[in-house]
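Protein chains: 2
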Amino acid sequence: MQTLTVALGHRSYPIHIGAGLLDQPELIAAHLPQPRAAIVTNTTVAPLYLARLAAGLRAHGVDVVEIVLPDGEQWKDWATLNQIFDSLLAHHCERKTTLVALGGGVVGDLTGFAAACYLRGVPFIQVPTTLLAQVDSSVGGKTGINHPMGKNMIGAFYQPRLVLADTDTLHTLPARELSAGLAEVIKYGLIRDAGFFGWLETNMERLRALDEQALVHAIHHSCAVKAEIVAGDERESGMRALLNLGHTFGHAIESAMGYGNWLHGEAVAAGTVMAARLSQRLGWIGEGDAARIAAIMRSAGLPDRPPELDVEVWMRGMQLDKKVEDGRIRFVLLRAIGESCLSADVPVELLERVLADSAG
Amino acid sequence: MQTLTVALGHRSYPIHIGAGLLDQPELIAAHLPQPRAAIVTNTTVAPLYLARLAAGLRAHGVDVVEIVLPDGEQWKDWATLNQIFDSLLAHHCERKTTLVALGGGVVGDLTGFAAACYLRGVPFIQVPTTLLAQVDSSVGGKTGINHPMGKNMIGAFYQPRLVLADTDTLHTLPARELSAGLAEVIKYGLIRDAGFFGWLETNMERLRALDEQALVHAIHHSCAVKAEIVAGDERESGMRALLNLGHTFGHAIESAMGYGNWLHGEAVAAGTVMAARLSQRLGWIGEGDAARIAAIMRSAGLPDRPPELDVEVWMRGMQLDKKVEDGRIRFVLLRAIGESCLSADVPVELLERVLADSAG
Chain A
0 MQTLTVALGH RSYPIHIGAG LLDQPELIAA HLPQPRAAIV TNTTVAPLYL ARLAAGLRAH
60 GVDVVEIVLP DGEQWKDWAT LNQIFDSLLA HHCERKTTLV ALGGGVVGDL TGFAAACYLR
120 GVPFIQVPTT LLAQVDSSVG GKTGINHPMG KNMIGAFYQP RLVLADTDTL HTLPARELSA
180 GLAEVIKYGL IRDAGFFGWL ETNMERLRAL DEQALVHAIH HSCAVKAEIV AGDERESGMR
240 ALLNLGHTFG HAIESAMGYG NWLHGEAVAA GTVMAARLSQ RLGWIGEGDA ARIAAIMRSA
300 GLPDRPPELD VEVWMRGMQL DKKVEDGRIR FVLLRAIGES CLSADVPVEL LERVLADSAG
Chain B
0 MQTLTVALGH RSYPIHIGAG LLDQPELIAA HLPQPRAAIV TNTTVAPLYL ARLAAGLRAH
60 GVDVVEIVLP DGEQWKDWAT LNQIFDSLLA HHCERKTTLV ALGGGVVGDL TGFAAACYLR
120 GVPFIQVPTT LLAQVDSSVG GKTGINHPMG KNMIGAFYQP RLVLADTDTL HTLPARELSA
180 GLAEVIKYGL IRDAGFFGWL ETNMERLRAL DEQALVHAIH HSCAVKAEIV AGDERESGMR
240 ALLNLGHTFG HAIESAMGYG NWLHGEAVAA GTVMAARLSQ RLGWIGEGDA ARIAAIMRSA
300 GLPDRPPELD VEVWMRGMQL DKKVEDGRIR FVLLRAIGES CLSADVPVEL LERVLADSAG
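Protein chains in written order, with numbering that gives the first Met the number 0: chain A, 0 to 359; chain B, 0 to 359.
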C-alpha cells in the first residue's frame with residue numbers, strides 16, 4: 000500500500016493506494032468519529048463489493064446503513080440526492096455519522112455533496128472503484144450534481160477524511176470505463192509532467208492489461224499532482240483551473256450529447272485534443288506534439304475527436320463553463336507537453352477554426 | 000449607523016445596523032467582486048423594497064438580476080431553491096456574481112444555501128428585513144432548507160460578505176413577526192447576559208413601538224452576542240449550540256403544526272419557557288425566574304406555552320434535532336437567567352413531566 004497526503008491544514012487527509020484494501024476495513028474504521036456509517040453505492044457496484052465492505056465494518060463494531068442508488072450520470076440530480084437524504088433521515092443518521100462513497104465519480108460526487116449538506120455537514124470517506132474516481136474525482140473535494148442547463152453546476156467544495164483506492168476493483172471495470180479514466184491520467188502528464196507523459200506513452204499497454212505495479216504508479220503519480228495543485232488552490236481561484244484541461248470542450252460535448260452517452264473521460268479526451276489543436280493554432284505547440292496527444296488518446300482506447308456539433312451548440316455549451324468570467328470563456332491551453340496555462344484571450348476566429356476542423 | 004464585525008479570519012465580515020441603510024447602496028457595492036448581483040426576495044418584500052435597492056445598485060453601475068420567490072416557510076424547499084438556480088443559470092450568473100438576500104429568515108436561508116451551492120460557491124450579502132433575520136438568521140452563516148422529515152435538515156455553513164440591517168424596514172413588518180423576532184432577542188439575554196435581559200424587561204414597550212434607538216441597541220447587542228459565539232465555534236461543535244435555547248422544543252412544535260402555522264419565533268418562545276421549566280424541575284432555577292421568562296414572552300406578544308401535542312409527537316420531533324448525538328437529545332438549559340449550558344443527561348421522567356404540564 001502506498002499513502003500520500005492532501006495537505007489542507009487541519010482538513011488534511013490520506014490517500015491509500017494498493018491491492019486488497021477493501022479487505023482492510025480497519026483503515027476506514029480508524030477515521031469514524033462514531034461507530035456508524037452509511038455506505039452509498041449503486042446497483043452495479045453493490046453486488047460486487049457492498050456486502051464485503053459492510054461485513055468488514057460490522058466486524059469492527061460499526062453500525063452500517065446501506066444506500067443503493069441507480070447507476071449512471073443521468074441520475075446525478077436532485078432526485079437521487081434526496082433519496083440519500085431520505086434514507087439518512089429515516090435511519091436517524093447524526094452529525095457524526097460518516098458517509099462512505101463506494102463507487103465511481105457519480106457516486107462520489109453525489110455522496111460528497113450529500114455529506115456537505117446533510118445537517119449542514121457530516122464526515123465522509125471516498126472508496127473509489129473506477130480509475131477515473133481513483134485518479135481524479137475522489138481527490139480534492141469537488142462534489143455536486145448536474146442541472147439540466149449544465150454539468151456540476153450545483154455543488155460544494157467539501158473534503159473527505161480519507162480516500163481508499165483499491166486497485167483490485169479495476170478488474171471488474173468495463174474496458175471502456177478504464178479508458179475513460181486514462182484520459183484524466185494523461186491530463187496530469189500534459190499539464191505538469193512531460194516525463195510522466197512519456198512514461199504513459201511507453202506503458203499504456205501495461206495499464207490497459209491491469210498490471211498492478213503500473214496501475215499503482217499511475218494512480219499515485221496522478222493523485223500526487225492533483226494533491227499538490229489542490230493544496231495550493233483549494234477553491235479554484237487560480238492554478239486549480241489547470242486540472243480542467245480539455246474540460247471546457249468536454250463539458251460542451253457531454254451537455255450536447257446528453258449526459259452518459261459520451262463518458263466524461265471520453266469527452267475530456269476529445270476536448271484535450273481540441274485544446275491541443277487550439278494551442279497549436281496559437282503557435283504554442285507544434286504539429287508533432289498535437290499529433291502525439293491525439294495518438295496517446297487512441298492508444299488508450301479513447302476518441303481523438305469530438306462528435307459533430309453545430310458551432311452554436313459548442314458556444315452555448317462552453318458559455319456555461321464555471322470558468323467563464325465577465326462573459327469570457329477561459330481555456331486551459333498547452334505551452335508544451337507538461338506545461339499548461341489559463342487563457343481568456345483566445346481570438347474567436349481561431350476557436351471557430353478548431354471547431355470547424357474537428358467536424359471534418 | 001453602528002457597525003460590528005464577525006471575526007472569522009479572512010472570512011470576517013461587517014454588520015451595519017441603522018436607519019435608512021437601503022438608501023446607501025454604496026455600502027453593498029463596495030463588497031461586490033464584479034459589478035453584478037442577483038437580488039433574491041419574495042412576493043411580500045419585493046413591492047416594498049426591491050425597486051429601491053435595485054435602482055440604487057444600478058445607479059452605481061451594477062448589473063442587477065431580480066429573483067422573486069413565493070413568501071412563506073412552506074416554500075423553504077428544494078423546488079424553490081431550484082427556482083433560484085434556474086434563474087441564475089438563465090442569466091449566466093458567474094462565480095463572482097454576488098447573491099443579495101433581501102427579506103426575512105426564509106429568503107436569507109434559501110439565498111445563502113443557493114450561494115453556497117451555485118457553481119460550488121459564490122459571494123453573498125444579507126439584507127435582512129425582519130427583526131428575526133436582523134438579530135439571528137442573517138448572522139453566523141447557517142443556511143439551508145427544510146425536509147419533510149425535519150426543519151433545516153439540509154444546508155451549509157456559509158458566511159455572507161456583509162450584513163446590512165436597515166431598521167426602517169421593521170416599520171412594514173406585521174406586529175406578529177416583530178414579536179417573533181423578539182423571542183430571539185430575549186434568548187440572547189437568557190443564555191449570556193442577565194443585564195440585557197433586565198433591559199429588555201424594562202424596554203419591551205419601546206421596542207414594540209419601534210423606537211429607533213431601542214431597536215438599534217437591541218439589534219446591536221443581539222448581534223454582538225451571536226458574533227462572539229459564532230467566532231468561537233463556527234460549525235457548532237460546542238458553545239454555538241447554546242444559541243438553540245428553546246429550539247429543540249420549538250422545532251418539534253413547528254414540525255408537528257406544519258411549517259408556517261406557528262412562526263419560528265413563536266415556537267422558540269414557547270420552547271424557551273419549556274426549557275426554563277425543565278431547568279426548574281432539575282432544581283437549577285427557581286419558580287420566580289421561570290415565571291419572569293414566561294412573563295417577558297407575554298409582554299413581547301408571544302405564546303408562553305406550546306400547543307397540545309401527544310408525547311410521541313414531541314419525542315419524534317425532538318429526535319430529529321440536529322443536536323442529537325448517539326441517539327440522545329441534548330437540551331440547552333438554564334443555570335440562571337444569563338447563564339446557559341448543554342445537557343444530554345435529562346432524566347426522561349422530568350422531561351415527560353414538563354411535556355405533560357405544558358398541555359395543562
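It is worth saying that the hints were derived from the structure and are not from the lab.
As the structure is a computational prediction, the values presented were derived from the model and not from experiment.
Among the hints, a few may not be true.
Cβ-Cβ distance ranges computed for the label pairs, FRET-style [said to hold, decoys possible]: (1) B/D76 x A/M148: 49 to 59 Å; (2) A/E338 x B/H91: 45 to 55 Å; (3) B/H59 x A/P346: 30 to 40 Å; (4) A/C340 x B/S11: 41 to 51 Å; (5) A/W198 x B/L341: 30 to 40 Å; (6) B/D62 x A/P46: 50 to 60 Å; (7) B/G237 x A/P147: 34 to 44 Å; (8) A/L209 x B/H59: 52 to 62 Å.
With a Cα cut of at most 20 Å, we get these calculated EDC-like pairs of lysine to aspartate or glutamate [claimed, not checked]: (9) B/K95 x A/E65; (10) B/K95 x A/D232; (11) B/K95 x A/E307; (12) A/K95 x B/E200; (13) B/K95 x B/E65; (14) A/K95 x B/D232; (15) A/K95 x A/E65; (16) A/K95 x B/E233; (17) B/K95 x A/E233; (18) A/K95 x B/E65; (19) B/K95 x A/D325; (20) A/K95 x B/E324.
Backbone N, C-alpha and C fix where the C-beta goes; we use that ideal spot for every residue, glycine too.
I want to verify a distance hint. Is the separation of the beta carbons of B/G237 and A/P147 within 34 to 44 Å?
41 Å, holds
If you draw a straight line from the CA of A/K95 to the CA of B/E200, is it 20 Å or shorter?
40 Å, violated
Below or equal to 20 Å on CA atoms is what counts here, so check B/K95 against A/E65.
39 Å, violated
Below or equal to 20 Å on CA atoms is what counts here, so check A/K95 against A/E65.
Given that 20 Å is the threshold and the Cα spacing comes to 17 Å, the pair holds.
Range agreement (Cβ of B/H59 with Cβ of A/L209, hint 52 to 62 Å)
60 Å, holds
Quick one, are B/K95 and A/D325 close enough, alpha carbons at most 20 Å?
Measuring from Cα to Cα gives roughly 9 Å; hence the hint holds.
Assessment of proposed distance window 49 to 59 Å (beta carbons of B/D76, A/M148)
20 Å, violated
Hinted pair, alpha-carbon criterion (20 Å max): A/K95, B/E65. Please report holds or violated.
39 Å, violated
If you draw a straight line from the CA of B/K95 to the CA of B/E65, is it 20 Å or shorter?
17 Å, holds
Is the Cα-Cα distance between A/K95 and B/E233 20 Å or less?
Since the Cα atoms of A/K95 and B/E233 sit roughly 16 Å apart, the hinted pair holds (cutoff 20 Å).
Could you grab the alpha-carbon distance between B/K95 and A/D232 and see if it respects the 20 Å cut-off?
Satisfied, since the Cα-Cα distance of roughly 16 Å is no more than 20 Å.
Are B/H59 and A/P346 spaced within 30 to 40 Å by their CB atoms?
Holds - the Cβ-Cβ distance for B/H59 and A/P346, about 33 Å, lies within 30 to 40 Å.
Hint compliance for this structure: hints 1, 2, 4, 5, 9, 11, 12, 18 are not met, and every other hint is.
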